[in-house]
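Protein sequences, first through last, are from chains A and B. Residue numbers for the first sequence, in the working numbering: 1305 to 1652. Residue numbers for the second sequence, in the working numbering: 237 to 548.
A few of these clues could be false.
Stated by the list, open to error - Simulated restraints on C-beta separations:
(1) A:K1414 <-> B:F388: 28 to 34 Å
(2) A:N1452 <-> B:P346: 50 to 56 Å
(3) A:R1443 <-> B:K286: 37 to 43 Å
(4) B:Y385 <-> A:N1452: 30 to 36 Å
(5) A:F1395 <-> B:F388: 55 to 61 Å
(6) B:K286 <-> A:D1595: 32 to 38 Å
(7) B:E279 <-> A:N1452: 52 to 58 Å
(8) B:A355 <-> A:N1333: 35 to 41 Å
(9) B:L253 <-> A:D1644: 40 to 46 Å
What the hints assert, rightly or not - Think about it this way: if two alpha-carbon atoms lie no more than 20 Å apart in a straight line, the pair counts; the simulated EDC-like pairs of lysine to aspartate or glutamate are:
(10) A:K1374 <-> B:D511
(11) A:K1371 <-> B:D376
(12) A:K1485 <-> B:E303
(13) A:K1394 <-> B:D509
(14) A:K1371 <-> B:E279
(15) A:K1371 <-> B:D509
(16) A:K1632 <-> A:D1608
(17) B:K432 <-> B:D448
(18) B:K301 <-> A:E1391
(19) A:K1371 <-> B:D511
(20) A:K1374 <-> A:E1354
(21) A:K1330 <-> A:E1602
(22) A:K1652 <-> A:D1628
(23) A:K1652 <-> A:E1602
(24) A:K1374 <-> B:D509
(25) B:K286 <-> B:D302
(26) A:K1388 <-> B:D302
(27) A:K1645 <-> A:D1595
(28) A:K1643 <-> A:D1608
(29) A:K1643 <-> A:D1595
(30) B:K301 <-> A:E1486
(31) A:K1371 <-> A:E1354
(32) A:K1565 <-> A:E1635
(33) A:K1388 <-> B:D509
(34) A:K1643 <-> A:E1393
(35) A:K1605 <-> A:D1628
(36) A:K1414 <-> B:D376
(37) A:K1388 <-> B:D511
(38) A:K1592 <-> A:E1635
(39) A:K1639 <-> A:E1602
(40) A:K1513 <-> B:D376
Since the hints were made in silico from the structure, they are not lab data. Glycine included, each C-beta is placed from N, C-alpha and C at the ideal position.
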Amino acid sequence: MKKTILAIAVAAAGLLGAAAPVQAAKVINGAGATFPYPVYAKWAWSYNKETGVRLNYQSIGSGGGIKQIKARTVDFGASDAPMKPEELEKFGLMQWPQIMGGVVPVVHIKGIGAGQLRLSAANLADIFLGKITQWDDPRIKANNPGLNLPHQNITVVHRADGSGTTWIFTNYLSKVSQAWKEQVGNAKSVPWPVGLGGKGNEGVAAFVKKVNGSIGYVEYAYALQNHMASVLLQNRAGNFVAPTSANFQAAAAGADWKHAKGYYMVLTDQPGENSWPITGASFILMYKVQDNPAQAREVLKFFDWAFHHGQKIAESLDYVPMPDTVVKMIEQTWKSTLKDKNGHPVWK
Amino acid sequence: MKQNMSTGGKKAWGDTLFRSLTLAFALGILVLFAGILVALWHESLPAIEKFGFSFLTSAAWNPVKDEFGAIIPVVGTLVSTLLAMLIAVPLSIGVALFLAELAPSWMRAPFGTAIELLAAIPSIVYGMWGLFVLAPIMADHVQPWLQTYLGFIPLFSGAPMGIGMLTAGLVLALMILPFIASVTRDVFLMVPKNLKEAAYGMGATTWEVVRDVMIPYGKKGIVGAVFLGMGRALGETMAVTFVIGNAYHLSWSLFAPGNSIASTLANEFTEADSDVYLASLIELGLVLFLMTFIVLGAAQIWLRRSVAGGGK
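The following block holds chain A by itself, in its conformation from the complex (with noise of 0.2 Å):
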């Protein structure tokens, strides 16, 4: 609902400064990704109140991102998937990551609140390919001494739109099972093995309310704020841990981005003790060379304010902002890989 809101704010906002006979008003363009867009939209307004520069932030998918910024009708694209290295090289792109959330499983089981549920990284992967179907297999049981599980069929919801939710989600499990990456494997959308689809975090939210035994995955706020039961998932480190911001931050933390070519850097089943293992970072896509030194220089300078101001209001939205070494190594980025056309750097 505040999403909502906000969303409706920002675009009313966005109407009365096209209407306002502002002929200096500088406007940056950018579209893509839909998991980043409230907090963008949240940033954009602050920062328009601050600056008098608009954003004007289009969330038509990551897909739709990728399509806008190779064919440059933007000034930047944005993806929840990192575009990988070479892709990146042909096209002389190159991104970061700008902001961190969680994908979070969530149970819909009578008795069974938030943080009751533990669940080993193999049984995840087994219910979501079918392979357990009972809330009281012995392999949950395992991990859950002191539940009392019901003896129940296990539904399985999962999006049925493409989207980097999903790739995420789908990144994870293929890391963690073998069967997964082999029978189903990574991507915006999959073909699953059994379940029912919901469209958008709201559809499989929806879902899980209403069917009684299911489990489903939706973005950390999501979770949040539809007080919905998520589950202890059982990291790298052998932990079991929940889902909080701290953990996230854990994943990214320890994640090596230093070595990450092109920052393609997916922070799934990431070492750490507290290390959330279904964490994700939203990319920024921008090109090399800029033939319009100036644009670009306003497009960072947004992506700047939004680092080192912006903290507040993502966490506001339960979105978690990157940690600062990473922050000064992306900066760092900016100042040796984006060039004029005369190979000067942009930022300086």
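Could you slot chain B onto chain A? The hints should help.
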């Protein structure tokens, strides 16, 4: 126009202009129709070249490996539409008969308006109602009941989740009911009074008048209304997407989740990033276009034949 009528020359000129203008509009429809067909065909070429005819028979839908087939969404579209027609057609004709023939006159106007208002509800509202209100009722009461008494038929087997083909068919039935009912009512109202009264005069009961006079007289109109509803059911998107379950599985069970062409398009278009994926989705659109065209064309031919042959 008034001025044009005052002098003969101007009138002819105005008529010619009016005629060519309306002709241009009519031709515009044909051009648009052809344009859509060509555009769909052209955009789906990568999929047509890769899969050929097997696209229509394959049950694969694997975006990871870029393998696509249309059979599951096609079957889902047909089954959900068929279910909707089975429920909505008898119900609508009953509603129309009641409003046209049996209801006391003070009831007719408010009830008629209420039914027409059903048609004005946006489809997403039907979808949300289906998901939040109807699906739990189906899961807790209707489907367990069906399973207890009719569970031996494969159609009513499987876990009662409340979301799936049966619920989609029900929601669709409700959505097309106002279209069929209000047109059918108007058709019944057009049956000449003297025809009906002659039948009553000969001692026919109300039921006999309905069966032997009103329905045969209004046959053409009723069939038209039914196909109007069917066209809507075939292409309905949002409401179906909410309740059909969006899963690529073929099942005999009506409780099982499935998929329709329109809901597949609504779900997957934005993030279809490979060329073949996008082309396959557009080819699905082409298939739906042709399916609707064939259904409506067949209806036209059948209508003409039955009118020419029967004369009733």
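Evaluated hints:
no.: 1; hint: A:K1414 <-> B:F388: 28 to 34 Å; verdict: holds, 29 Å
no.: 2; hint: A:N1452 <-> B:P346: 50 to 56 Å; verdict: holds, 54 Å
no.: 3; hint: A:R1443 <-> B:K286: 37 to 43 Å; verdict: holds, 41 Å
no.: 4; hint: B:Y385 <-> A:N1452: 30 to 36 Å; verdict: holds, 32 Å
no.: 5; hint: A:F1395 <-> B:F388: 55 to 61 Å; verdict: holds, 59 Å
no.: 6; hint: B:K286 <-> A:D1595: 32 to 38 Å; verdict: holds, 37 Å
no.: 7; hint: B:E279 <-> A:N1452: 52 to 58 Å; verdict: holds, 54 Å
no.: 8; hint: B:A355 <-> A:N1333: 35 to 41 Å; verdict: holds, 40 Å
no.: 9; hint: B:L253 <-> A:D1644: 40 to 46 Å; verdict: violated, 58 Å
no.: 10; hint: A:K1374 <-> B:D511; verdict: holds, 15 Å
no.: 11; hint: A:K1371 <-> B:D376; verdict: violated, 45 Å
no.: 12; hint: A:K1485 <-> B:E303; verdict: holds, 17 Å
no.: 13; hint: A:K1394 <-> B:D509; verdict: holds, 17 Å
no.: 14; hint: A:K1371 <-> B:E279; verdict: holds, 16 Å
no.: 15; hint: A:K1371 <-> B:D509; verdict: holds, 8 Å
no.: 16; hint: A:K1632 <-> A:D1608; verdict: holds, 10 Å
no.: 17; hint: B:K432 <-> B:D448; verdict: holds, 10 Å
no.: 18; hint: B:K301 <-> A:E1391; verdict: holds, 19 Å
no.: 19; hint: A:K1371 <-> B:D511; verdict: holds, 11 Å
no.: 20; hint: A:K1374 <-> A:E1354; verdict: violated, 31 Å
no.: 21; hint: A:K1330 <-> A:E1602; verdict: holds, 8 Å
no.: 22; hint: A:K1652 <-> A:D1628; verdict: holds, 19 Å
no.: 23; hint: A:K1652 <-> A:E1602; verdict: holds, 12 Å
no.: 24; hint: A:K1374 <-> B:D509; verdict: holds, 13 Å
no.: 25; hint: B:K286 <-> B:D302; verdict: holds, 10 Å
no.: 26; hint: A:K1388 <-> B:D302; verdict: holds, 19 Å
no.: 27; hint: A:K1645 <-> A:D1595; verdict: holds, 6 Å
no.: 28; hint: A:K1643 <-> A:D1608; verdict: holds, 17 Å
no.: 29; hint: A:K1643 <-> A:D1595; verdict: holds, 9 Å
no.: 30; hint: B:K301 <-> A:E1486; verdict: holds, 11 Å
no.: 31; hint: A:K1371 <-> A:E1354; verdict: violated, 31 Å
no.: 32; hint: A:K1565 <-> A:E1635; verdict: holds, 15 Å
no.: 33; hint: A:K1388 <-> B:D509; verdict: holds, 14 Å
no.: 34; hint: A:K1643 <-> A:E1393; verdict: holds, 15 Å
no.: 35; hint: A:K1605 <-> A:D1628; verdict: holds, 17 Å
no.: 36; hint: A:K1414 <-> B:D376; verdict: holds, 15 Å
no.: 37; hint: A:K1388 <-> B:D511; verdict: holds, 18 Å
no.: 38; hint: A:K1592 <-> A:E1635; verdict: holds, 14 Å
no.: 39; hint: A:K1639 <-> A:E1602; verdict: holds, 14 Å
no.: 40; hint: A:K1513 <-> B:D376; verdict: holds, 14 Å
In summary, the numbered hints that this structure violates are 9, 11, 20, 31.
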